[in-house]
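Protein chains: 2
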Amino acid sequence: MSEMTRVVLDAMGGDNAPQAPVQAAVDAIRARTDIKVILVGQEEVVREELSKYEYPKEQIELVDAPEVIEMAEPPVLAIRRKKQSSIVVGLGLVKNGETDAFVSAGSTGAVLVGGQTIVGKIRGIQRAPLAPLIPTETGVSLLIDCGANVDARAEHLVQFAKMGSIYMKDVVGVKNPRVAIVNIGAEEEKGNALVKATLPLLKECTDINFVGCIESRDIPRGGADVIVCEAFVGNVILKLYEGLSSTLIGVIKQGLMSTLKSKIGAALALPALKKTIKSFDATEYGGAPLLGLNGLVVKTHGSAKAKEITNSIFQCVTFNQENINGKIKENIKDSQEEE
Amino acid sequence: MSEMTRVVLDAMGGDNAPQAPVQAAVDAIRARTDIKVILVGQEEVVREELSKYEYPKEQIELVDAPEVIEMAEPPVLAIRRKKQSSIVVGLGLVKNGETDAFVSAGSTGAVLVGGQTIVGKIRGIQRAPLAPLIPTETGVSLLIDCGANVDARAEHLVQFAKMGSIYMKDVVGVKNPRVAIVNIGAEEEKGNALVKATLPLLKECTDINFVGCIESRDIPRGGADVIVCEAFVGNVILKLYEGLSSTLIGVIKQGLMSTLKSKIGAALALPALKKTIKSFDATEYGGAPLLGLNGLVVKTHGSAKAKEITNSIFQCVTFNQENINGKIKENIKDSQEEE
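These protein sequence lines map, in sequence, to chains A and B. Residue 250 in our numbering sits at position 250 of the first sequence, with consecutive numbering throughout. Residue 208 in our numbering sits at position 208 of the second sequence, with consecutive numbering throughout.
Calculated directly from the structure, the hints in this document are not laboratory data. All figures in this text were calculated on a predicted structure; none of them were measured in a lab. Glycine included, C-beta positions come from ideal geometry on N, C-alpha and C. Heads up, some of the hints might be wrong.
As the list claims (entries may be wrong) - For lysine-lysine, the following DSS-like pairs were computed, each having C-alpha atoms within a straight-line distance of at most 25 Å:
hint	chain 1	residue 1	chain 2	residue 2
1	B	K253	B	K305
2	B	K278	A	K274
3	A	K263	B	K261
4	B	K275	B	K305
5	A	K274	B	K261
6	A	K261	A	K169
7	A	K261	B	K261
8	A	K253	B	K175
9	B	K275	A	K274
10	B	K263	A	K253
11	B	K175	B	K274
12	B	K83	A	K190
13	B	K169	A	K263
14	B	K327	B	K169
Unchecked claim - Reference listing, derived: stretches of chain A covered by chain B, where coverage requires no fewer than 3 residues with Cβ under 8 Å from a Cβ of chain B:
hint	region
15	17-25
16	45-56
17	82-95
As the list claims (entries may be wrong) - Computed spacing ranges between beta-carbons, pair by pair:
hint	chain 1	residue 1	chain 2	residue 2	range
18	B	A193	A	N96	32 to 38 Å
19	B	K196	A	A72	16 to 22 Å
20	B	R153	A	T206	56 to 62 Å
21	A	K203	B	K121	32 to 38 Å
22	A	D151	B	V211	22 to 28 Å
23	B	V211	A	R123	43 to 49 Å
Work out the full structure: start from the sequences and follow the hints.
Here it is, written out as structure tokens:
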């Protein structure tokens, strides 16, 4: 039997809590015997939701957390004040080493701040980047960093590139992942001060497959597997990706519904169309990992349904079994010795 | 009769030269009597192309420019060395005050560098931003700056906001345009150092309708009319817009062609769909103006067809008739007096 992975799940986080996280926990343990899920939240609420299901009792545990951090709360303050919230209690279980990972659909800010301050960074890691997978024509790419720590320095981006490469290879399963840095032209003389400072450092890295600069127009067609950028740019890319996809699909639906003839056409074409559009949906791959911490922290969409959360739990298992943090530590040690 | 606008057109620029620019010139003067087009390029080549058309001769003039700047040439070097190129000769005609505007589908870098060094900036303007119109669900928005001058300062962004607002109001015809700055959250405590420095300055501006921060996800739905950002971020937004639209439309076409049933549906739906997708196409509005220069410089897509170039010529006429540069100068003077 393979090693048991212990995943803490925020039962109160996201638009669909507690239903979606509780269902996700049950689905995950029904599918695999090597997972234990620790549901953290208001005990009575979670217990009642859980009572709707039949499941192997020894694989789910409940931990009480009477407080809830709301989406709109200022993150730093919320983490500091709500010690009994599902996010603070849940992250505490990872810090203590009692569990391997924490998954939440709750406040992104609170998860980011809590991850860094409660779980803490791996020794030698300067920043913990948030690295969502985004859909492309050919699969998915890892966009690293989309977090809240803006104004990064070149050495931060180099660490992002290395951690992203390890994740893409060993969790997502891409062989020899192509690593690129976001720039405003393929030519190296272009770019801002940060890109110009980072480029020579990335070229020196022998442990990643660095392929150079990528323009944002080439991201959707799958131009690289690991897309390195600082958090402001990453956030702009991620949110434009979501916004533009949704607007364009809306515009196309409107077009399909605009005439009687097109409506008949739409009815015939819809099943095939839905399938294709679904392939352009990254939630299949689970949530965004916050990398470089002493334990895995995964943030799913606030609107995550059970399936995305279940996939995030599986993602934690792969992360644990592939010993990603061990590999990151090894990599950081090597880099420091080289210096 | 209204004032004549004299537009210099690069007959050698872009993928479809000289056919597209020459046709665009003829279409423009056939449509309006208040335009004179000065075609700049290799005289023999342009004359031969022009001989295919019947048109009012007094409205088109030819100026010889034997050299051509290629797309891949380093811009600064190309502008310095190829004094007899269509871009350098054409921009020279604007600098001398002999003409009002210059339109080119040629090398973006060369047009940007040439615009700033040959035509020169309006006194008091610190940077000349490139400001393309991007399509949204409700119309178009002006994205300012998408140029090559990265690492901007707060006072640059304030000037972009003001120039963009004037352009959107008097050239595009949007009443009281909503001006927003790109940020990674609607909350003001979020953002990088540049956004945090710019926000208070924008709030103090009484001559624009500043509505606060915009997240990139809200750009496609038309969240603001003038989208202010520094050039690196603007370039990422612009190119991702183009890349993602094209990939998504490709994915949808693939979906429509995937089964026999969907193919029949697609055939029925296609005309309506094409019309809707076309409404999401900014080329209808002409090219991207390089603002803040002593004369208008407009960069169209490298792949521009005659229609986009003709629209760019009309754009120059509106710019001239609405005295946009006079308004920018007035605004800059007022700002300096306020200080």
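Right, here's what the structure says about each hint:
Between the alpha carbons of K253 of chain B and K305 of chain B the distance comes to roughly 23 Å, so the proposed pair stays at or under 25 Å and holds. About 22 Å separates the Cα atoms of K278 of chain B and K274 of chain A, which keeps this hinted pair within 25 Å; it holds. Our distance criterion of 25 Å between C-alpha atoms is met by K263 of chain A and K261 of chain B, whose separation comes to about 14 Å. Restraint check for K275 of chain B and K305 of chain B: satisfied, since their Cα atoms lie roughly 18 Å apart, inside the 25 Å limit.
Distance hint between K274 of chain A and K261 of chain B is fulfilled; the C-alpha atoms sit about 14 Å from each other, no more than 25 Å. Distance check on the hinted pair: K261 of chain A and K169 of chain A sit about 47 Å apart at the alpha-carbon level, beyond 25 Å; violated. Straight-line distance between C-alpha atoms of K261 of chain A and K261 of chain B comes to about 15 Å, which keeps the hinted pair within the 25 Å bound. With a C-alpha separation of about 30 Å, the suggested pairing of K253 of chain A with K175 of chain B is violated against the 25 Å cut-off.
The straight-line distance between the Cα atoms of K275 of chain B and K274 of chain A is roughly 21 Å, inside the 25 Å bound, and the hint therefore holds. A hinted pair counts as satisfied when its Cα atoms are at most 25 Å apart, and K263 of chain B with K253 of chain A qualifies at roughly 17 Å. At roughly 29 Å between alpha-carbon atoms, K175 of chain B and K274 of chain B are farther apart than 25 Å, so this suggested pair is violated. Taking the CA atoms of K83 of chain B and K190 of chain A, the gap is near 24 Å; set against the 25 Å cutoff, the hint holds.
Taking the CA atoms of K169 of chain B and K263 of chain A, the gap is near 38 Å; set against the 25 Å cutoff, the hint is violated. This hinted pair checks out: K327 of chain B and K169 of chain B have alpha carbons roughly 11 Å apart, not beyond 25 Å. Chain B is given as covering the region 17-25 of chain A, and this is violated because 0 residues of the stretch bring a CB closer than 8 Å to a CB of that chain, at least three being needed. Figure legend: the region 45-56 of chain A, annotated as covered by chain B; annotation inconsistent (0 residues with Cβ-Cβ distances under 8 Å, at least 3 required).
Check on the region 82-95 of chain A: 0 of its residues sit with their Cβ under 8 Å from a Cβ of chain B, so the three-residue criterion for coverage is violated. Between A193 of chain B and N96 of chain A the beta carbons are some 36 Å apart, a value that agrees with the proposed interval 32 to 38 Å. Distance hint check: the CB atoms of K196 of chain B and A72 of chain A are about 20 Å apart, consistent with the given range 16 to 22 Å. At roughly 38 Å, the beta carbons of R153 of chain B and T206 of chain A sit outside the given window of 56 to 62 Å.
Separated by about 36 Å at the C-beta atoms, K203 of chain A and K121 of chain B satisfy the suggested range of 32 to 38 Å. For the pair D151 of chain A and V211 of chain B, the supplied restraint of 22 to 28 Å holds, since their beta-carbon distance comes to about 25 Å. Restraint check, V211 of chain B to R123 of chain A: a C-beta distance of roughly 45 Å satisfies the suggested window 43 to 49 Å.
In this structure, the hints that do not hold are numbers 6, 8, 11, 13, 15, 16, 17, 20, in rising order.
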